[in-house]
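Could you build the full structure based on these sequences and the hints that come with them?
Quick note, the sequences are listed as chains D, U, E, Y and P, same order.
Heads up, the first sequence is in my numbering, so the first residue is 1 and it goes up one at a time.
Heads up, the second sequence is in my numbering, so the first residue is 1001 and it goes up one at a time.
Heads up, the third sequence is in my numbering, so the first residue is 2001 and it goes up one at a time.
Heads up, the fourth sequence is in my numbering, so the first residue is 3001 and it goes up one at a time.
Heads up, the fifth sequence is in my numbering, so the first residue is 4001 and it goes up one at a time.
Hints were generated in silico from the structure; no laboratory data involved.
Where hints are given, some of them may not hold.
Distance condition first, Cα-Cα at most 30 Å in a straight line; then the derived DSS-like pairs of lysine-lysine [claimed, not checked]:
hint, chain 1, residue 1, chain 2, residue 2
1, Y, 3300, E, 2174
2, Y, 3006, Y, 3300
3, Y, 3154, P, 4298
4, D, 49, U, 1049
5, P, 4133, D, 84
6, P, 4133, D, 17
7, U, 1084, D, 84
8, D, 133, U, 1006
Note that the structure is predicted; figures quoted are calculated from it, not measured.
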Amino acid sequence: MIVREKENWFKMLFVWKGSVLPAILPRLGLLLLISVAVVFVQGRLFEYKIPLNPAAFTLLGVALAIFLGFRNNASYERFWEGRKLWGALLIDTRSLTRQALTMTGLSADSPEVLSFVRLLIAFTYALKHQLRKTDPTEDFQRLLPQEVVQKLAKARFKPILLLKELGMWVQAGKEAGRIDSITQAAIDHNLNQLSNIVGGCERIASTPIPYTYSVLLHRTVYLYCFLLPFGLVDSIGWMTPLMVVFVGYTFMALESIVTEIEEPFGTEPNDLALNTISQTIEASLLEMAGQEVPKALKPKRKFILD
Amino acid sequence: MIVREKENWFKMLFVWKGSVLPAILPRLGLLLLISVAVVFVQGRLFEYKIPLNPAAFTLLGVALAIFLGFRNNASYERFWEGRKLWGALLIDTRSLTRQALTMTGLSADSPEVLSFVRLLIAFTYALKHQLRKTDPTEDFQRLLPQEVVQKLAKARFKPILLLKELGMWVQAGKEAGRIDSITQAAIDHNLNQLSNIVGGCERIASTPIPYTYSVLLHRTVYLYCFLLPFGLVDSIGWMTPLMVVFVGYTFMALESIVTEIEEPFGTEPNDLALNTISQTIEASLLEMAGQEVPKALKPKRKFILD
Amino acid sequence: MIVREKENWFKMLFVWKGSVLPAILPRLGLLLLISVAVVFVQGRLFEYKIPLNPAAFTLLGVALAIFLGFRNNASYERFWEGRKLWGALLIDTRSLTRQALTMTGLSADSPEVLSFVRLLIAFTYALKHQLRKTDPTEDFQRLLPQEVVQKLAKARFKPILLLKELGMWVQAGKEAGRIDSITQAAIDHNLNQLSNIVGGCERIASTPIPYTYSVLLHRTVYLYCFLLPFGLVDSIGWMTPLMVVFVGYTFMALESIVTEIEEPFGTEPNDLALNTISQTIEASLLEMAGQEVPKALKPKRKFILD
Amino acid sequence: MIVREKENWFKMLFVWKGSVLPAILPRLGLLLLISVAVVFVQGRLFEYKIPLNPAAFTLLGVALAIFLGFRNNASYERFWEGRKLWGALLIDTRSLTRQALTMTGLSADSPEVLSFVRLLIAFTYALKHQLRKTDPTEDFQRLLPQEVVQKLAKARFKPILLLKELGMWVQAGKEAGRIDSITQAAIDHNLNQLSNIVGGCERIASTPIPYTYSVLLHRTVYLYCFLLPFGLVDSIGWMTPLMVVFVGYTFMALESIVTEIEEPFGTEPNDLALNTISQTIEASLLEMAGQEVPKALKPKRKFILD
Amino acid sequence: MIVREKENWFKMLFVWKGSVLPAILPRLGLLLLISVAVVFVQGRLFEYKIPLNPAAFTLLGVALAIFLGFRNNASYERFWEGRKLWGALLIDTRSLTRQALTMTGLSADSPEVLSFVRLLIAFTYALKHQLRKTDPTEDFQRLLPQEVVQKLAKARFKPILLLKELGMWVQAGKEAGRIDSITQAAIDHNLNQLSNIVGGCERIASTPIPYTYSVLLHRTVYLYCFLLPFGLVDSIGWMTPLMVVFVGYTFMALESIVTEIEEPFGTEPNDLALNTISQTIEASLLEMAGQEVPKALKPKRKFILD
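Okay, structure coming up:
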């Protein structure tokens, strides 16, 4: 996630970090070259004049608007749903911690409560590592007893097994007579929410927007851009390269952002800051349990939370 | 579902597998033929000049944008709601398994828990087979005791009868004194969710977008495309076939994708991978219950999960 | 609801049943006549040339797009919400039947369970008849004991009184000691859902999209269409009637479909198949209760479920 | 709320009641005058020709479409959310009545049940009067015991105090041993819903769409309309007044409707019929409690429910 | 939040307070200067004629419409979700107060109830101060016992620790035998809601719309506006400055409003009136508890609630 203060309107025109310009620069350069060439030959290709005009491109505008508008909205919804799920993770782990502290008859500093809180924190990191396909072992060893770490080592659905551990913690409390069926059901309700969060993240991660849409939009955008110089050269002459690159920039940049946020759990600049959220969850739960809170880490890259 | 890595922007222009181009190629060919003929006769039909121009088509753009935009959004919502329902299926069967493991007083390896888990897996396959109108017998025989298989054989609403079996399993636990009313109510809450999922899938499968919309959009798109050569030939001459086929491609391809994902439970390339999700559910539940997890099957067709 | 197989793209251009063409044919005929007359007099009215051109109509496109887009989306949402409510009716009556079968200590073939199931079926038909303003007596006599039929005869809110009967059935079970407070609360939760469904349907049925929108859209569409010939005749001459009727068809047809699905509980071709859904609910509940399932009725009109 | 039968398409063009035409007629008249003057002077202002053309207005179309589309959607959502909240009020008061009748051990004709039902009806009217800023005393005196009326007289949040009374009614039943904690929790769940409804209505009533949007849209619409004659007069001559008034009518009428339904709880023609809904709630609850149902009142103004 | 009566349509054209005009005036002035200069040199730059025309800008309209429409909708959704969360805060604190008054066996004027109500009010202010990054000490000292104030002083997540205090209040009631597990679970359900509200507000506050969108929209708007004079000068001559400033005003004003409401918890004129809502919550809870209600404060700035 890119975190920058809002700049003055004039400076913002020349921002480099946080823009997608670097990524699409080669393509825009190619487009510029072609446009200049088209102006140079005055729209002719091997002696044949290419008879295009802006009206033909206006007709294409309908399809382009639908494709870009749809893909943009669908991608942003995926991004925002991903963010909501991780917000819900913060909410539910806090609620579960509150329940463990005030409904189970355990005192705030008992080892049982702490081990419950650590299970919740491990659950958070487990989900992060699953979504980013990274290795959770280090975090597990820091947070969990050795036998649980080993159980998880070979598991395919690690957060789900941690959910089961959480359920077994509650059941142990019930067998010890500290928790009755009603309180168990209330805690179980929040465990169901955690299950919803895992399933929701897996859904977004495993099901992209149908691939055919990407192909269709991609082809339309690029064919449109590379034909455009022929359509403009007769009416705006040597301004053609400027306008073509401007139009091309808006379309290609949008396609580029959209492709980035469509998969919100990655590590590209505009993706969700899962690492930062995980650390916030850890800090908030430990604070509730009266433990020392680890300091927030500095972002590794300027302006960017990962 | 088509699963492909994102290609380089240039290669992606020439992707064949995962594009709808093959399906609409004959129609585009016909459109090309007509356009070439129109250029050849310079927009005349039996000596009569057809006096069309782009402005008239711009007016049609409003209606086209509304029809295509609406149909596209409504279809994608159906697709995505279908995906959400199957995501919820994964979530709720996991939650029920967790409840069976930690709230019923049964040990993880007791045969009762395993039979409950198998009922849940059978429920998943039953729903898949109902939505795809295929025969569930093989899966039932693999997962269920013989007398349940027979009961289901003649049933019209198979997943619903399996839900009743799940309810009876809980009731048996209550009669045996292992489950009290409160735990029963908590499990029953998740059974209600499964009922929601079945009903939601049946709703999407049984109620298409009103047929009249399809007819109206279809006619507008094709009439528009086949009149377009006459509107463009005077201003862009021999480029007419190229632009007409380009415009036609965008509209026809969109209509084609949309018709595919409107019924998301089928087996066309962009439909939901119900088979893969069912196998994931089976693997996840068995892992939770401490059973051997079956290996994920290889997709039969390249890039496509079914 | 119109149920047709997807046709070949070419045949679909000439579908008659399921299109709104028949309904708007007279208006299109009038529009054709006017257009032909305008071509004949070359855009003059009593010697005065009407100086219109396509640009003026392009400006109107903004308002038209907003009105049509809004009305279309709002109507489809009403249609789809109505469908969701009836889907929820199927879901909740099934859940209540499951609860009656597995949580009340009654055996599946006891007369109490059957009378509960019949109350649920009667509730379904009562809602259907209320929404369509038809007489429910026949269905009530088939399903309910005589004294309940009589109580309902004079009632204004029949489904609500049936909900009360369902609540009293549960209370009777509690008084008989078969149901405890917890199970009663779980069943009551689903009765609340039925209350939601009735209220949701009543909301859609009693509150149309504000009338002023309909008037505004209607006037804009028709004034636009009947002025259009004067705007096109100078530039496209004798093609004017074709293009005007084409544009008029798209706008009038959309307004016509939208008016139909805006009130989704009626009996027009694109309305919801409440009758079919009611029969599905009846069949599903009886199957769960181990009763004989009535055969699905054939649709009375070809392609149309009512 | 305007309730009219759908008219024949031709008659509907000339509907007066239910159109916003009367409200904006003066402004349209002014616009007509200006347009006629512009035609008369052939687009000159003090000897200077105003050199505008339709193309410049097309560029403004983008901003206009976004402003009008946004404001229209946001206002309709407020209207429809208001309607949903009042629909939920009908649903929840019915559910609470059902619970009072079937879960509290009281017989349907006991005075306690009746006083509970009257509290619910008074709650409904209290909310209506709060939203419309009218005096609820008359309705309170009709429905509530004298001491409650007095307590409410000076209260700022009247519906909330009635909610507290409802909660105290339940608590009294618990203290009398007729209601246990579980049933209390089930009723309390529905009281929470009533709290949601009050808060939701207050939110809509107290927070308009940000004022700046209204100013921006308003200025854009009127500046656009009053400049338009200069843009059209060169190309469509004496038809300018007709087209300008037509375009102006669509934009001004939309702005006018939207301002009306943005605050859905008022008493303008298109606002919600809170009075009618309140009477429906009263009738439905009394019917459930076996009381005499008051007759539905005739609307005071033709076609309009208030 | 700006609160103004709806003005007469004519006066509203010249509203100053509540418009964003002041903020963007310098940029519009610059745009005006450039436009006048372009008219003066007749579109030439150092002897070279800049050959632009409106058609090129029409092509850019597609991208502009998508960027502005998307950013506007996404920002308004954030604003409205923020408002919903604060509406839910009013709702849930009221529900919790009702539960404390009617389900805990405490009389309305007992010190325990009052201390619970004060915790809820302190929770509200704590959230407000966290979102606006202001110092809550003054409000805490007014509302909370000294030892709680000290505990909160160093905490990072203050509202969450207050939630824990609320949970401990309930637990104390349970240990005193006044509250059973069921009532505790019912209250805990509403505490979960408060946890949702905190998490929801934190999500909006910590995750802006991806920065790249802002840059892209910003550049497109300003480049478009500053090129526009060259595109219009040939066709509308000395009217260019007027139309360019008009177009520029609509785009820049929209971008400006949108940037303001995107972060709805700030103190800019169109932001949410968190202060006013907090005072309403305080007044409503105290009224329910039978305490003296503080008078509503006058807004400090005319028309503006903060």
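Against the structure, the hints:
For a cut-off of 30 Å, the pair hint linking residue 3300 of chain Y to residue 2174 of chain E is broken: about 48 Å separates their Cα positions. Straight-line distance between C-alpha atoms of residue 3006 of chain Y and residue 3300 of chain Y comes to about 21 Å, which keeps the hinted pair within the 30 Å bound. Restraint check for residue 3154 of chain Y and residue 4298 of chain P: the C-alpha separation of about 21 Å stays at or below 30 Å, so the hint holds. At roughly 24 Å between alpha-carbon atoms, residue 49 of chain D and residue 1049 of chain U fall within 30 Å of each other, so this suggested pair holds.
Distance restraint check for residue 4133 of chain P and residue 84 of chain D: the Cα-Cα separation of roughly 23 Å lies within the 30 Å cut-off, and the hinted pair is therefore satisfied. Between residue 4133 of chain P and residue 17 of chain D the alpha-carbon distance is near 27 Å, which keeps this suggested pair within the 30 Å criterion. For the hint pairing residue 1084 of chain U with residue 84 of chain D, the CA-to-CA distance comes to about 15 Å; that is within 30 Å, so the pair holds. Straight-line distance between C-alpha atoms of residue 133 of chain D and residue 1006 of chain U comes to about 17 Å, which keeps the hinted pair within the 30 Å bound.
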